[in-house]
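Chains as they are written, first to last, in full-length UniProt numbering: chain B, 1 to 266; chain G, 1 to 266; chain A, 1 to 266; chain S, 1 to 266; chain X, 1 to 266; chain F, 1 to 266.
Hints may contain errors.
One copy or two, it doesn't matter: identical chains are merged, so the pair holds either way.
[Said to hold, decoys possible] Dumping the calculated BS3-like pairs for lysine-lysine here, alpha-carbon to alpha-carbon at most 25 Å:
1) K38 - K133
2) K38 - K232
3) K232 - K55
4) K210 - K133
5) K161 - K133
6) K133 - K232
7) K232 - K210
8) K161 - K232
9) K161 - K55
10) K133 - K55
11) K55 - K210
12) K38 - K55
13) K161 - K38
Note that these hints are calculated values from the structure, not bench results.
6 protein chains.
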Amino acid sequence: MIDSEQYRVTREPYYRPVGDEVRLFEAAYAARMPVMLKGPTGCGKTRFVEYMAFKLGRPLITVACNEDMSASDLVGRFLLDANGTRWQDGPLTTAARIGAICYLDEVVEARQDTTVVIHPLTDHRRTLPLDKKGELVSAHPDFQLVISYNPGYQNLLKDLKPSTKQRFGALDFSYPDGAVETEVVAHESGVDVETAAKLVEIAQRARNLKGHGLDEGISTRLLVYAGQLIAKGVEPRAACRMTLVRPLTDDPDMRDTLDAAVATFF
Amino acid sequence: MIDSEQYRVTREPYYRPVGDEVRLFEAAYAARMPVMLKGPTGCGKTRFVEYMAFKLGRPLITVACNEDMSASDLVGRFLLDANGTRWQDGPLTTAARIGAICYLDEVVEARQDTTVVIHPLTDHRRTLPLDKKGELVSAHPDFQLVISYNPGYQNLLKDLKPSTKQRFGALDFSYPDGAVETEVVAHESGVDVETAAKLVEIAQRARNLKGHGLDEGISTRLLVYAGQLIAKGVEPRAACRMTLVRPLTDDPDMRDTLDAAVATFF
Amino acid sequence: MIDSEQYRVTREPYYRPVGDEVRLFEAAYAARMPVMLKGPTGCGKTRFVEYMAFKLGRPLITVACNEDMSASDLVGRFLLDANGTRWQDGPLTTAARIGAICYLDEVVEARQDTTVVIHPLTDHRRTLPLDKKGELVSAHPDFQLVISYNPGYQNLLKDLKPSTKQRFGALDFSYPDGAVETEVVAHESGVDVETAAKLVEIAQRARNLKGHGLDEGISTRLLVYAGQLIAKGVEPRAACRMTLVRPLTDDPDMRDTLDAAVATFF
Amino acid sequence: MIDSEQYRVTREPYYRPVGDEVRLFEAAYAARMPVMLKGPTGCGKTRFVEYMAFKLGRPLITVACNEDMSASDLVGRFLLDANGTRWQDGPLTTAARIGAICYLDEVVEARQDTTVVIHPLTDHRRTLPLDKKGELVSAHPDFQLVISYNPGYQNLLKDLKPSTKQRFGALDFSYPDGAVETEVVAHESGVDVETAAKLVEIAQRARNLKGHGLDEGISTRLLVYAGQLIAKGVEPRAACRMTLVRPLTDDPDMRDTLDAAVATFF
Amino acid sequence: MIDSEQYRVTREPYYRPVGDEVRLFEAAYAARMPVMLKGPTGCGKTRFVEYMAFKLGRPLITVACNEDMSASDLVGRFLLDANGTRWQDGPLTTAARIGAICYLDEVVEARQDTTVVIHPLTDHRRTLPLDKKGELVSAHPDFQLVISYNPGYQNLLKDLKPSTKQRFGALDFSYPDGAVETEVVAHESGVDVETAAKLVEIAQRARNLKGHGLDEGISTRLLVYAGQLIAKGVEPRAACRMTLVRPLTDDPDMRDTLDAAVATFF
Amino acid sequence: MIDSEQYRVTREPYYRPVGDEVRLFEAAYAARMPVMLKGPTGCGKTRFVEYMAFKLGRPLITVACNEDMSASDLVGRFLLDANGTRWQDGPLTTAARIGAICYLDEVVEARQDTTVVIHPLTDHRRTLPLDKKGELVSAHPDFQLVISYNPGYQNLLKDLKPSTKQRFGALDFSYPDGAVETEVVAHESGVDVETAAKLVEIAQRARNLKGHGLDEGISTRLLVYAGQLIAKGVEPRAACRMTLVRPLTDDPDMRDTLDAAVATFF
């Protein structure tokens, strides 16, 4: 009844390993250990999960968490049907039933009930109680839970509780080093390696400004955007202004600084 | 089943380009890059999107965001029908299915769940998970997401998260220069060019007061209002008072200043 | 199906013009320009809109806005019917369809989603998207939007956004001058002109106390109340105490001051 | 269909006038002027409205307002029926239709939408728009709105807006003078006049403590309670302790003061 | 249709009077006066109401109030049935209809609308308006309302309004004196009188610490728990640690103090 | 109708007693005394309840409490069925009916209405009123309520009320001593005792840092995770980094401290 094929990752995603993260994830998956991916925006966490799901041959169900998401959005709810109410599994329940990898993106954004609901799935019980339905779902042997977490956002009001954190093994992610990132940008945007290398150098300068006027550095994704515009014939400075400077800041001084960094290379 | 024709822009909107924004938007659209339009109230962002939708021959679905808008308002919800519940696509889902340009106006006003819901549509996945329905919508190849953003409003409590910002190329908008704005006002309101030029000059003086007692300068839209009243025979000073001064401020001194600016030209 | 006749103003409302507001409103209506009426409580804004609706021969739909009003209260919602859900237009949608003047009284009290929902109705688009129904309503050519706004209430937390304000021409209202107000009070309450004049003089004294212990001055409406009691044989001082003093303040000193003002004339 | 008889006051309520309030209310009702009753807890406002409803021969619908009451609780809502939704009038709508006096007790406790919803019923329009139903109810010619208001409670966060206050004539209420209150207590509780007089004297002493450790003085209602216990054979000091002291305060010193006042008379 | 027998107290509850509270309650019930029971946690208020309900031969309906309880939870609501909506009386309405004693436990925890809804039941009207159903319930002649109230909890944000307090006669409750409490503990737990007396002495020492590091003293209920464990063969010190110390505090010093008190007697 | 077998603990859970907790719990269960388990995250409270349920031969229903959980989530609610509404017992009601042990995990996270709803189940009444259904459930003679509570989390805003605390006997839990914990880690992860002992020593060092930069010490669960990775061939330092360091902290200094502790042993 559940079309688990729609969650299958059918083409190998382009992923360029930066350390031993693939091997560690495989060992964690072998123990069905829940895993937490830590790192800044746009550094490739989502892509990594897709790659691992492909490599391990498991369906992948991704949920973008947010502060208005309730436990029911994850677990499921009753819907009204011609014959009365009908239970509709939420994405977490579906993943537990079909043995998918369930990836909760930015789980810290969710309300407490969302994070507590995963507890019995992340210890020796590996169960998910559907209290409203009166059913206790035992997770499929292949099921694994993965969450992402951006340490740069945490504050006193919004953080994972220790009783949640201590249910996960954790992997750190960061921007790839220059050579790897250049390879990625060239591959994804279609520009030549020389242009890609310039874009990466601009990004590295901007990343040093994080915490000194910039909330986040330029992500690999934005570099790919810049490359795509250049590949379509847009003049590099205009392309960088549109993709590397304007999205990041409205502060005139910071814009000048970033524009100057662009001008150094193009 | 969806009447995509109702979203078609059938007449060329009047739009007067002010820079290379048309060319940059075309390149971004060619890459299906999500685009963010930045600029103050009433400077023509909405008109620009309509113009581009017309030029690119794509349907346009516009959503005025607000702080009470939920993710369901964008994505869709179940409605009760004679045969039970029936799924109703929201405007974002409709746009993703029919390959429209989806324009989220003042997206920063929306709640977090609204902004997070667009994430998978704005990276390489180009998908929209309808969690409540258990369906994963793949965006139509022609679909593009455009958002607007008024930097003047941002504060510490309400801003786009870096993980959202870094999914967009960005274009800056401002009021057009004097000659262009005069042309626009005359064209839209029916007054002669000389009168339109006077109205623009009043606006330029008022815009210098932004941040010195005025939250925003006089928009092009209000100049067109003034022109319309004058074209209908209203005495220019009364027309300006009603359209350029009274809507902007209740402060007596600021009103005197603006009335004096009007009196200089009429 | 909509009984637009119930919104027709069938008898000419008593309205005594105080300036060029009738002529300006007619010109604004000719351009279908949205209009904002500014002024204190009880000075005749509602009556003016009724008068203009009568004069222009348009139906009038009035909505008293409040902070618990949602966009759905204006736009409409799905109701459950014998055959499933049925769409019910809200007052704004009804007005847009039948070409009525829609008057949103004290719009600043409403939540943000209420004020944002009127945006596409107040620019060149003149449309109202019913997102939940998937319909884009084009306003009837005779439709006009009018809002009221009491500048005395505004504070930092609750004000119209510039992007809303700049969609309206604005007309200022205040209490009528003494002769006009005397005429109004006598006409509405049935007291003789001499008594009405005394009531107006009491009001004028009290209005000077606004901001010095009184939140608002005595409105024309309260003067009519006082006149009505006097016309029914109530002793004038008792009538004034009940209608001009007790409703305004519980402060003993302020009550003495107002009682003394009454005693000067009766 | 509405059983208006159930709202009829069939027996003359015991009410002992204390001033010209009956005559003033009759004149206000003759003009169908909305009336606000001001005064402390338990001084007889509710009883007065019942008495006037009886005297004027009108049905009375009383609503105890509270901060969780919504406009729908007053106006009505759609209910689900065998044949779909069915409109159910709220108490205010019922009162407007059948020509009852509608008494909103402690209206300041209600949310803003409740207070704004009464505006069109309290000016020359005398209408109640049922926006959700698309019906404009014209009030029955005999309908009158009465509200109560305890000035002792007001604070900066919760007060009637001037635009609401200025729709009402106002009558002040207070505790009756000693002789009248003695008569009331004896009549209601069944104790002799001498005992009743002692109870009233205790109350008068306690009322002087209002604002000096007591939030409110002893109400007439509590005196009647004390009398009832005494009439049932409870020892007077124990009766007073249970009804006049313990309900008012938990402060030991204040309890001693009140107990001493009791001991002076019994 | 209502099974009032399920609310009947069929066995005489064990209650040991401590003063004239039984006689005063009987007199109050004879006058159907609403009664407020004041006193700390676990001192026997609930048991007293059960005892009085048994003695007076009335059914008893108890509601544990809480801050999420709405007026509908007390009064009733519409439920959906095979034939549409069906009204379901809440516990307060049931009690008013069948002539039960309705006991609202810790009423100060409830929201304002819950406390206001009892007003018309607690004065001469003795009615309960079911606004949503359009019915005015007259209370059964045997109906009485009883509330409990723990003065130790009150703070500025959460207290009964004077207009609510002044509707009740009040009875103070406290822990019983040593001999009585020893009798209660022995009777309820099955330990001998000597052991019970030791437990009571421990409690009396701990109660002196209230306000000096303990929020509440040890209740009679906890003494019964300790006795039950001892009667089942648990070593007295371990039993006291589990029931008299660990539940009350996590502060190490306070735990030492309490453990020492236990060691003095066992 | 309820499948109580699904709540049966069919295999003896691995539990290593650390004191007299098993005997005390048995005595408490014999008296059907409600029990509160206190202690830090991951020290075995959940496992202990499972073990006791197995030992006592009772079904176990576990509910992970959270701040968005309402009383209805515990008690039950009406669902819509082909024949109208149907009552669905919540987990607490199910447990009370079938005589299960109901374990409310981290009950302090729940809203007040959740904690108050358990009151009548935790005193001599042993009843659960289903107010919405009008039913009073008497608990099965075998029913027992158990709650957990982490004293380290409490703050001024969120704590159990004394009237709740005083309904429970309490057992303290902590991390097991070194030998026991080594045994547990080796048994659960498959590593040899020597490796397990090293992991426990690392944990003991980290636990001393609690309150000095760490919110919680390393739990036994994380030690098992580390052991599992090592057993699957991951290099011990990498395994410890992923399971003992990265999940606990993002602070660079604290990470260095913990990494150094790991390096001491591996």
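Results for each hint:
Taking the shortest alpha-carbon separations for K38 and K133, neither the intra-copy value of 34 Å nor the inter-copy value of 30 Å comes in at or below 25 Å. Taking CA atoms no more than 25 Å apart as the test, K38 paired with K232 passes between copies only; the shortest distance there is 23 Å, against 34 Å inside one copy. Taking the closest pair of Cα atoms, K232 and K55 come within 25 Å of each other only across two copies (18 Å); inside a single copy the shortest separation is 33 Å, beyond that limit. Proximity of K210 to K133 under the C-alpha cut-off of 25 Å is found in neither arrangement, the shortest distances being 47 Å within a copy and 40 Å between copies.
Within a single copy, K161 and K133 get their C-alpha atoms no closer than 27 Å, and across copies no closer than 30 Å, so neither meets the 25 Å cut-off. Taking CA atoms no more than 25 Å apart as the test, K133 paired with K232 passes in neither setting, with 54 Å inside one copy and 38 Å between copies. With identical chains, the CA atoms of K232 and K210 are never at most 25 Å apart, being 30 Å at best within one copy and 39 Å at best between copies. Within a single copy, K161 and K232 get their C-alpha atoms no closer than 47 Å, and across copies no closer than 29 Å, so neither meets the 25 Å cut-off.
Proximity of K161 to K55 under the C-alpha cut-off of 25 Å is found in neither arrangement, the shortest distances being 31 Å within a copy and 31 Å between copies. For the homomeric pair K133 and K55, neither the shortest alpha-carbon distance inside one copy (35 Å) nor that between copies (28 Å) is at most 25 Å. Proximity of K55 and K210 under a CA criterion of 25 Å is satisfied in neither setting, with 34 Å inside one chain copy and 39 Å between copies. Taking the shortest Cα distances, K38 and K55 sit within 25 Å of each other inside one copy (21 Å), while across copies they are farther apart (41 Å).
Proximity of K161 and K38 under a CA criterion of 25 Å is satisfied in both settings, with 16 Å inside one chain copy and 17 Å between copies.
In terms of the numbered hints stated before, the structure departs from hints 1, 4, 5, 6, 7, 8, 9, 10 and 11, listed from lowest to highest.
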